[in-house]
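Protein chains in written order, with our numbering: chain A, 1 to 113; chain B, 1 to 113; chain C, 1 to 113; chain D, 1 to 113.
Any given hint could turn out to be false.
Claimed, not checked - The calculated label-pair distances, taken between Cβ atoms and stated as ranges, are:
id, chain 1, residue 1, chain 2, residue 2, range
1, D, Met-100, A, Gly-72, 48 to 54 Å
2, C, Asp-5, B, Glu-102, 22 to 28 Å
3, A, Pro-69, C, Glu-111, 31 to 37 Å
4, A, Glu-102, B, Asp-5, 31 to 37 Å
5, C, Asp-61, B, Ile-67, 23 to 29 Å
6, A, Ala-62, B, Glu-102, 23 to 29 Å
7, B, Gly-91, A, Ala-62, 34 to 40 Å
8, B, Glu-102, A, Ile-67, 44 to 50 Å
9, D, Glu-82, B, Glu-102, 42 to 48 Å
10, B, Ile-67, D, Glu-57, 26 to 32 Å
11, A, Glu-53, C, Glu-111, 42 to 48 Å
12, C, Glu-53, A, Pro-49, 34 to 40 Å
13, D, Glu-79, C, Glu-111, 31 to 37 Å
What the hints assert, rightly or not - Partial list, derived from the structure: chain A residues whose beta carbon lies under 7 Å from chain D:
id, residue
14, His-22
15, Gly-26
16, Cys-51
17, Ala-62
18, Val-71
To be verified - Anything over 10 Å on all C-beta distances counts as not near chain B; from chain D, calculated:
id, residue
19, Met-1
20, Glu-2
21, Asp-5
22, Gln-23
23, Glu-32
24, Leu-37
25, Glu-42
26, Glu-46
27, Gln-48
28, Gln-59
29, Ala-62
30, Thr-77
31, Gly-103
32, Tyr-104
By construction, these hints were calculated from the structure, which means they are not laboratory data.
Beta carbons are placed, not taken as given, at the ideal position from N, Cα and C, and that holds for glycine.
Protein chains: 4
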Amino acid sequence: MEPTDTQEATFELGIKFGSLYHQFAGTPISPESAPALAAAIESAIENQPHCREVTVEMQRDAIRDAIEPDVGYTEFTGEFAEVEIVVEYDGIEATASMAMDEGYPRMELLEVE
Amino acid sequence: MEPTDTQEATFELGIKFGSLYHQFAGTPISPESAPALAAAIESAIENQPHCREVTVEMQRDAIRDAIEPDVGYTEFTGEFAEVEIVVEYDGIEATASMAMDEGYPRMELLEVE
Amino acid sequence: MEPTDTQEATFELGIKFGSLYHQFAGTPISPESAPALAAAIESAIENQPHCREVTVEMQRDAIRDAIEPDVGYTEFTGEFAEVEIVVEYDGIEATASMAMDEGYPRMELLEVE
Amino acid sequence: MEPTDTQEATFELGIKFGSLYHQFAGTPISPESAPALAAAIESAIENQPHCREVTVEMQRDAIRDAIEPDVGYTEFTGEFAEVEIVVEYDGIEATASMAMDEGYPRMELLEVE
Numbered sequence: 001m002e003p004t005d006t007q008e009a010t011f012e013l014g015i016k017f018g019s020l021y022h023q024f025a026g027t028p029i030s031p032e033s034a035p036a037l038a039a040a041i042e043s044a045i046e047n048q049p050h051c052r053e054v055t056v057e058m059q060r061d062a063i064r065d066a067i068e069p070d071v072g073y074t075e076f077t078g079e080f081a082e083v084e085i086v087v088e089y090d091g092i093e094a095t096a097s098m099a100m101d102e103g104y105p106r107m108e109l110l111e112v113e
Numbered sequence: 001m002e003p004t005d006t007q008e009a010t011f012e013l014g015i016k017f018g019s020l021y022h023q024f025a026g027t028p029i030s031p032e033s034a035p036a037l038a039a040a041i042e043s044a045i046e047n048q049p050h051c052r053e054v055t056v057e058m059q060r061d062a063i064r065d066a067i068e069p070d071v072g073y074t075e076f077t078g079e080f081a082e083v084e085i086v087v088e089y090d091g092i093e094a095t096a097s098m099a100m101d102e103g104y105p106r107m108e109l110l111e112v113e
Numbered sequence: 001m002e003p004t005d006t007q008e009a010t011f012e013l014g015i016k017f018g019s020l021y022h023q024f025a026g027t028p029i030s031p032e033s034a035p036a037l038a039a040a041i042e043s044a045i046e047n048q049p050h051c052r053e054v055t056v057e058m059q060r061d062a063i064r065d066a067i068e069p070d071v072g073y074t075e076f077t078g079e080f081a082e083v084e085i086v087v088e089y090d091g092i093e094a095t096a097s098m099a100m101d102e103g104y105p106r107m108e109l110l111e112v113e
Numbered sequence: 001m002e003p004t005d006t007q008e009a010t011f012e013l014g015i016k017f018g019s020l021y022h023q024f025a026g027t028p029i030s031p032e033s034a035p036a037l038a039a040a041i042e043s044a045i046e047n048q049p050h051c052r053e054v055t056v057e058m059q060r061d062a063i064r065d066a067i068e069p070d071v072g073y074t075e076f077t078g079e080f081a082e083v084e085i086v087v088e089y090d091g092i093e094a095t096a097s098m099a100m101d102e103g104y105p106r107m108e109l110l111e112v113e
């Protein structure tokens with residue numbers, strides 16, 4: 001069957017999550033550099049088509065806990081951020097989030113309307 | 001509204017495309033190294049949840065044309081591959097492709113059933 | 001032969017350039033989002049061992065020129081930034097830059113002292 | 001001071017390590033897909049200037065141990081590969097490796113001659 005507009009909207013939303021994760025995974029990060037990375041991720045992904053809003057909340061305590069004292073930084077991965085993205089496609093708004101769920105950063109489709 | 005299974009399927013499919021593109025964009029590539037990169041991309045993305053099949057066809061002529069003789073390689077980007085991905089989610093199969101469309105690598109949702 | 005301290009310093013400096021380029025190549029970018037990306041790159045790479053200072057100057061005119069009007073953004077690559085990095089290793093300071101040279105983003109070792 | 005040829009060689013070698021790590025960190029990986037990724041990494045980085053040989057040995061046991069049964073894959077990072085790279089610059093050969101050292105993937109300059 002031909003895809004519907006709501007399916008197109010969630011397809012676009014998925015693209016944003018995959019992009020965000022795999023563009024920035026591996027970035028050197030510390031509690032001090034985390035806010036600048038969050039701001040850059042938000043404005044970078046908001047450039048993509050149909051993307052209305054990206055919110056990245058860095059988990060600075062989790063970042064701090066992951067850092068070995070003699071290393072001083074760690075690498076950005078899904079456990080260090082909570083993310084919400086809103087996409088608008090032909091009047092349809094779709095929202096999804098990424099957050100830790102049993103040790104795994106789960107991307108979850110929340111709402112389509 | 002709660003997301004439907006077909007919306008979940010296309011959300012998952014979008015994640016795969018965003019992941020593929022932003023994980024591998026920037027990889028040094030030549031006509032000789034392109035087949036190994038295609039094989040690695042396919043088997044890497046097929047690891048992701050609900051992903052049934054990934055097909056990457058490198059455009060070796062386009063890669064060759066983009067290479068400056070005194071540099072000898074270029075960087076992987078959307079213009080150098082045609083991609084098809086099939087996702088299966090709760091019995092629903094969704095297919096999308098990426099190919100060049102007026103100079104831009106367009107990700108297109110093809111079919112949901 | 002055993003590596004010398006100045007060779008160690010330039011090895012460390014090279015790591016920073018390769019990291020910077022291949023972590024962020026492919027990031028969606030526009031003239032508006034470029035400053036946030038520059039700030040994130042600087043503070044991310046400065047986390048790495050022996051890294052004293054990273055300066056990223058986005059070439060906003062080049063970014064603007066590369067954007068198709070109906071697309072609205074492009075992808076970060078070497079032609080859109082001039083970069084200087086200073087590393088300090090056991091009292092030795094090494095500096096290198098990346099800038100466009102005949103259409104190719106050249107990483108150049110400038111000074112070791 | 002002007003950089004010497006041996007400093008240029010180790011600078012180039014560092015670039016290859018940083019590129020390799022930050023291009024491929026985050027790639028979905030399983031024991032089954034690891035060999036294809038190793039082959040792609042080797043041929044991709046060997047495209048870079050002055051790069052003579054790249055050897056990537058995936059640590060399949062470490063990959064297997066890191067995988068949660070209900071997830072089925074993990075993400076490529078430094079703990080899952082041992083790497084050796086040889087660069088040749090103006091007749092000078094420089095070799096370095098990456099391997100785990102006290103829980104941290106250490107890039108180490110081995111020899112310059």
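Hint by hint, here is what the structure shows:
1. D:Met-100 - A:Gly-72: 48 to 54 Å: violated (18 Å)
2. C:Asp-5 - B:Glu-102: 22 to 28 Å: At 54 Å between Cβs, range violated.
3. A:Pro-69 - C:Glu-111: 31 to 37 Å: holds (32 Å)
4. A:Glu-102 - B:Asp-5: 31 to 37 Å: Between Glu-102 of chain A and Asp-5 of chain B, where Cβ atoms are some 22 Å apart, the hint is violated.
5. C:Asp-61 - B:Ile-67: 23 to 29 Å: Roughly 26 Å apart at Cβ, these two residues keep to the hinted range, so it holds.
6. A:Ala-62 - B:Glu-102: 23 to 29 Å: violated (43 Å)
7. B:Gly-91 - A:Ala-62: 34 to 40 Å: Holds, at about 36 Å.
8. B:Glu-102 - A:Ile-67: 44 to 50 Å: holds (46 Å)
9. D:Glu-82 - B:Glu-102: 42 to 48 Å: Given range 42 to 48 Å: holds, Cβ gap about 45 Å.
10. B:Ile-67 - D:Glu-57: 26 to 32 Å: holds (29 Å)
11. A:Glu-53 - C:Glu-111: 42 to 48 Å: holds (45 Å)
12. C:Glu-53 - A:Pro-49: 34 to 40 Å: Holds: the Cβ-Cβ distance is about 36 Å, inside 34 to 40 Å.
13. D:Glu-79 - C:Glu-111: 31 to 37 Å: holds (35 Å)
14. His-22: Constraint on His-22 of chain A satisfied, holds at 6 Å.
15. Gly-26: Holds: closest Cβ of chain D sits about 3 Å from Gly-26 of chain A, inside 7 Å.
16. Cys-51: Check failed: Cβ of Cys-51 of chain A comes no nearer than 21 Å to chain D, outside 7 Å.
17. Ala-62: Check failed: Cβ of Ala-62 of chain A comes no nearer than 16 Å to chain D, outside 7 Å.
18. Val-71: holds (6 Å)
19. Met-1: The assertion about Met-1 of chain D holds, with a minimum of 28 Å to chain B.
20. Glu-2: About 24 Å separates Glu-2 of chain D from the closest Cβ of chain B, which puts it past 10 Å; holds.
21. Asp-5: holds (20 Å)
22. Gln-23: The assertion about Gln-23 of chain D is violated, with a minimum of 6 Å to chain B.
23. Glu-32: For Glu-32 of chain D, whose nearest Cβ neighbour in chain B is about 7 Å away, the distance does not exceed 10 Å, so it is violated.
24. Leu-37: violated (5 Å)
25. Glu-42: violated (8 Å)
26. Glu-46: violated (7 Å)
27. Gln-48: Non-interface label on Gln-48 of chain D violated, nearest chain B Cβ at 5 Å vs cutoff 10 Å.
28. Gln-59: Non-interface label on Gln-59 of chain D holds, nearest chain B Cβ at 17 Å vs cutoff 10 Å.
29. Ala-62: holds (16 Å)
30. Thr-77: holds (13 Å)
31. Gly-103: holds (25 Å)
32. Tyr-104: holds (23 Å)
Checked against the numbered hints above, the structure violates hints 1, 2, 4, 6, 16, 17, 22, 23, 24, 25, 26 and 27; every other hint is satisfied.
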